[in-house]
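Q: Starting from the known structure of chain A, arrange chain B with the ligands on it as the hints suggest.
Next come the chains, spelled out residue by residue.
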Amino acid sequence: MANMVKLTINDTAVEAPAGTLLIDAAKLAGIEIPAFCYYEGMSLQAACRMCLVEIEKAPKLMAACVVPVGEGMVVRTESPAVVKARKTTLEFLLTNHPLDCPVCDKGGECELQDMVFKYGAGESRFTEVKQHVPEKQWSPVVFYDGPRCILCYRCVRVCNEGMGVGALGIVNRGVAAEIAPSHGDHLECDECGLCIDICPVGALTSGAYRYKTRPWEMEHVGTVCTHCSNGCKTTLGVRNNEIVRGNNRDRSGLNGEFLCVKGRYAFDFNHHPERLQAPLMRINGKLEEVSWARALQAVVEKFKAGGKAGVVGSTRISNEEAFLLQKFARTALKTNNIDHHRSGDVVTLLDSLSGKTATLGNVDDCYNSKAVLIVGADISQQQPFLANQIRANYRHHKAGIYVATSGAVREDKIAKGSVRTTDSEWLAGVESMREKLKGESELLVLFGDSVKGEGVRKLVAFGESLGIPVKYICLVDYANSRGAMDMGLLPDLGPGYHAVEGAPGMTLPQMMAATDLDLLWIVGANPLARHTLASSNAFVVVQDLFLTETAQRADVVLPAASAYEKNGTVTNVTGQVQRLKRGVETVGAKTDLAIIGLIARGMGVNLGKVDADAVFAEIQKTVRGYNVSLPVIVTGGAAQTMPVNGRVASTVLPELIQSSRDTLFTTGTLTRYSKILNEVMEAPGGLYR
Amino acid sequence: MTFSPELEARFADLLTHYPPGRQRGALIPMLMYAQDEVGAVTPDLMAELAKRLDISVLQVDEVVGYYSMLHKKPQGKYHIQICTNVACMLRGGAELYEHACKKLGVGHKQTQASGKFSLEEVECIGACSWAPAIQVNYDFHHEVTVSQLDQVLEGLQ
Ligand code: SF4
Ligand code: SF4
Ligand code: SF4
Ligand code: FES
Ligand code: FES
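Chains A and B, in that order, give the protein sequences.
Per numbering that gives the first Met the number 0, the first sequence starts with residue 0, numbered consecutively.
Per numbering that gives the first Met the number 0, the second sequence starts with residue 0, numbered consecutively.
Bound-form chain B, shown alone:
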C-alpha cells in the first residue's frame, strides 16, 4: 500500500518520537492520519501498518475497535458528532441530536446517500465546560443551539 509523500514524511517523523523498540506506540496517530488520507481504516491499511510496526493485524484491530474516532467504513465528507453525555444532555444535547437526525435524514453511525454528511451520537468529547458541544471532523463547536446547528450545517459545502 502506498501513501502520499506528505503522509510518508509525517510517518517518518512520527516514528522518531518513540524510543527504540517502542515504535508500535505510533499506531494510533498513524491510523488517524492514514484514515484522513484513505477515507477509512481499510483491511489493507491495517495490514500495512501491522507490517510496518511489526505487530499482528489482530493487534491493530484491537486498537481500531477500541477508539471511536477510528472508522472501518468511510464517513461522510462532514462527520457530525453530537455529544449526549451528562453535561451536554443537561444543556440540550439530546435535542441537538434529534434535530440533526431529522434534518440530515440519517441516524446514529449512518451516512447520507450523497456521502456529504454522516452522523454519530457520541459520549463525552471533553468539552463539558462549553456544553452542549458538537464536533465536525476535527472542529469543535461550543454551546450550540438548534439554530446554530442549522447554521453550521448549512455553511458546509
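If we strip away everything but chain A, and leave its shape as in the complex, we get:
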C-alpha cells in the first residue's frame, strides 16, 4: 500500500495515496475541481487553467491537475480568488468562440456550456471582432470547426496515446493555433472517431451524426457491436426508431471508450433502403412480396414434407437463435446436417488444451500479458480492439511483441521479433524466435486461420516447450463466430462440443455439393457468395436482412432483424458472453428467434418457450461452460465462459476453416451496406499502417 498523505481540502480532512493528483484526491472526497484538458488515463497537459486552486503558502494559484498531494497541504477550491480565476479562464476561452450552440452537435452535452453555466460570468469584456475560420472536412468521418476548439489537446493525446495512431497535432500558436490532420488537408488514419467523442466541445464532429439530432432527443441503448468478433460494447443513440449514433462514453464494457470505425459508425446498414421489409416467395420463377402468413405456410409445408435437409446457421445471430436452430434441426428435422462458416479452429484448440496447463486468454490478457505472439493474422485490420489492447500493453507495460505473418503488419514497428512467413510455413517463423520467446516470463499467443488442425497442436506443443505459462486466443471473424460453435452449429458436435447422437451430418461445403438435397434452410448466412448449390431442386429458405446472393436463389426469403433489433446474447472471440439489447423496433422483419418459433409452431413442434431469456436459461443449464452469472450479463457486463474441460472429438477437416481476412473497414455482407464505410474506403489516401 502506498504511503497515505493527509491534507485539507475546503476544511475537510482528506487522505490520499502519495502521488495522487490533487484533482483526483478532491474527487475522492466528493469535491469537484472543474477541468478540460485533464483526462483520466492520458498524459498530463495543464493547458486549460480551468482547474486552478488556492494552496496555502503557494505564491499563486496552482493547476490541480498536475500538483500531487502533499502532507499537510491546505487547499481551497472555492475561494474568491479561485472563483474569479475560473470566470476569467472561461471569459478567455469564449473570446473567440462562436457561441453557435443552437446549431452545434454538442449543444446540451457540451462541457464548455456546462462550465460556463456553472462557473462562468454573465458577460464578457471583449468587444473585438471574432476571427472566423471555415470548417474543414478531413475525412468522410472527421470534421473540424476551428473557432469552437478550446485547444485542450484531448484529441491529439487520445489519437497518440489511446489509439497509437498519432494522426493529429497542433500547428501555429496564439489565436492562430489549431488542430491539424496528418496529411496536410486530410486525415489518413483509422477513422475510429475517438477524437470526436472525446472532444469536450463541438469542434470535432462526425460525418455520421452531424446535424442529425439534438442530444436530448435520443434514447440510449447499450448493446454489443455486431461487426467483428471482439465484442465491443456500444451505446446506440436512437431517435424516432433510427440509430443516429454509436459510442461508449460511459466506458461500460470491456472496451472502455474504444470503438473502431465499424462499431462507432457502421450501424447505418440498419437503415439501408435495401433492407428487406416483407417476406418474398418465388412465384412463377420470380421473387414476389407476400404476407408473413403465406410465406410461413409454404415453409411449414415443405418442412413437414421431410426429405433430405440441410441447415446453415450464421456467425451473427445470437446464441439463443443458434441454439434453437440446432435444436430444431436435430429434433424436428432430425438431421445433423447443420453447419456454419468457420473462421478459426477453436475446436482443435479446446481439444489440444485438454489436460494441459496452458489456458485460453482473454481481452484483459492482451493488455496485461508480459509478452504477446501473433501468428498469421493482421490484427490491426481484423481484430481492431484486441490490437488496440496489445498496442496499449506495449505503450504502458513495454510488453514484448512478436509477429509471424505473411505480410507487413502495424505491429512490426513495436515488435521485439518480427518474421515473414507463409500460411503453411509459419511454424518455422515461430521457431526462429524461440530463444527470444524463452526469455519472456509468460506469453499470450493469438493465431489466425492459417494455424488449424495439426497446426494448432504443433503450436500448443511449441508453447509447452518454452517452459513458461502460455495462453491462447484462436481468432475468429464475426460477432458471434465463437457462439455459433459453442452452440453446436456443427455437423459433428452439439452444444458445448458434445459429440452428436448418431452419425455426423454434412459440412457446409458438402451440403453445397450434394445433388440430392430436398430442403436447404439458411439463417443469416451467404454461402452462395463463395459456393454454388448443386441441388438444383432443393427448396431454399433464407432468413436475412438483405437480398444477398443466397437470398436471390431462395424460394422463400424471410426478412430478419439485425443484432441492433433484438435481445439475446453473443459470445466474443475470447469467450465472453454479453447481452444484445434491442435498440430499434423492426418494421416488417422479425428476429430469427421469432421466425424459428413460428415455423416450429406451424409444424406443431414444441421447442419450449421461445423467448430470449428462456432460451438463455436453457443454455446456462445445458451448454458446457455457459453456467455464467446472469446478473453480470443483465447489467451489461461481460461474463467469461468456462473452458471446456476434456477432449473434444471432432471429425471435421481443417480445410473448412477460412477467415475472410477483413480490413479495418469491412466485415462481410453488413459492411457492404454501410454508406459511411464505403465512403471511407473510397476516400483518397491510404489506411494508416
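Just so you know, the hints here were simulated from the structure itself, not pulled from any lab data.
Beta carbons: idealized from backbone N, C-alpha and C, even for Gly.
Hints may contain errors.
To be verified - Take a look, some chain B residues computed to stay more than 12 Å from chain A by CB distance:
1) 2
2) 4
3) 22
4) 38
5) 83
6) 102
7) 144
8) 152
9) 153
To be verified - Listed below are the simulated SDA-like cross-link pairs for lysine to any residue, each with C-alpha atoms no more than 20 Å apart in a straight line:
10) A:135 / B:61
11) B:71 / A:170
12) A:412 / B:54
13) A:580 / A:629
14) B:50 / A:159
A: Chain B with the ligands alone, transformed into the frame defined by chain A:
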C-alpha cells in the same frame, strides 16, 4: 534530399549531443541550420528531417508553426526583425518599425520584389536592456535610433 557536406557534418555532431532515443530533441537546431542552407523550411525539408528523426511530418510542422524564427517561405537576403514589445515600444520601437515599412516599401512578413529585404514586427527578442532592439538575420543592433536604422540598412549590400 541532400545537404552540403558541412551541414551533414554539423547534423552528425549535433545528434551526438542527445541521449540515445532522444534524438528528436535535435529537431529545432537542425531546422535552423537547414533553413539557412535551403532558404526556407520547405515541405521536402520537413519530410527529410521527420524521416531522419523518426517522427511524423505533422510533428515537425507543429514545431515549425510554433517558432517565429522558422519560416516556410523564403525570406529576403536580409531579414529585418523589429521589436515593438513593451520595453522597445516605450523607447521608440514602433517608430522604428513604421520607418522601416516606409523605407523598404514592405509590411509585416513581406519581402521586397528584389528579394533583398524582408521585414517582420516581432515580440520581445530578449534585448530589453538595450531597447529598442532590432535583429538582422542573426545580428542584433541595440539602442537603435531612426538614423542608425538608416545607416544599418544602407550598409547592407
Ligand atoms: S479518427 Fe481515430 S485515428 Fe483518426 S484522428 Fe481521430 S482518433 Fe485518430
Ligand atoms: S478539437 Fe476538441 S479535443 Fe481537440 S483540442 Fe480542440 S477542443 Fe480539444
Ligand atoms: S473492434 Fe470489432 S467489436 Fe469492436 S467496434 Fe470494431 S468491429 Fe465492433
Ligand atoms: S485541467 Fe488542469 S490545466 Fe486543464
Ligand atoms: S521588448 Fe524588445 S527586446 Fe524585449
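Q: For every hint, state whether the structure bears it out.
A: Here is what the structure says about each hint:
The claim that residue 2 of chain B lies off the interface holds: its Cβ sits roughly 24 Å from the closest Cβ of chain A, which is beyond the 12 Å cut-off. The claim that residue 4 of chain B lies off the interface holds: its Cβ sits roughly 32 Å from the closest Cβ of chain A, which is beyond the 12 Å cut-off. Separation of residue 22 of chain B from chain A is adequate, the least Cβ-Cβ distance of about 17 Å exceeding the 12 Å criterion. Once the 12 Å rule is applied to beta carbons, residue 38 of chain B is consistent with being away from chain A; the minimum gap is 21 Å.
Against the 12 Å criterion, residue 83 of chain B stays outside the reach of chain A, whose nearest CB is about 16 Å from its own CB. At roughly 28 Å, the least C-beta separation between residue 102 of chain B and chain A is larger than 12 Å, which holds for a residue marked as non-interface. Every C-beta of chain A lies more than 12 Å from that of residue 144 of chain B, the closest at about 30 Å, which supports listing it as non-interface. Distance check on residue 152 of chain B: its Cβ is at least 29 Å (rounded) from any Cβ of chain A, clearing the 12 Å threshold; non-interface status holds.
With 12 Å as the threshold on Cβ separation, the claim that residue 153 of chain B sits away from chain A holds: the shortest Cβ distance comes to roughly 34 Å. For the given pair, residue 135 of chain A sits about 18 Å from residue 61 of chain B by alpha-carbon distance, which is consistent with the 20 Å threshold. About 13 Å separates the Cα atoms of residue 71 of chain B and residue 170 of chain A, which keeps this hinted pair within 20 Å; it holds. Annotation: proposed proximity of residue 412 of chain A to residue 54 of chain B holds, straight-line Cα distance about 13 Å (limit 20 Å).
Proposed proximity of residue 580 of chain A and residue 629 of chain A is supported: the alpha carbons are some 15 Å apart, at most 20 Å. For the hint pairing residue 50 of chain B with residue 159 of chain A, the CA-to-CA distance comes to about 18 Å; that is within 20 Å, so the pair holds.
The structure meets every hint from the earlier list without exception.
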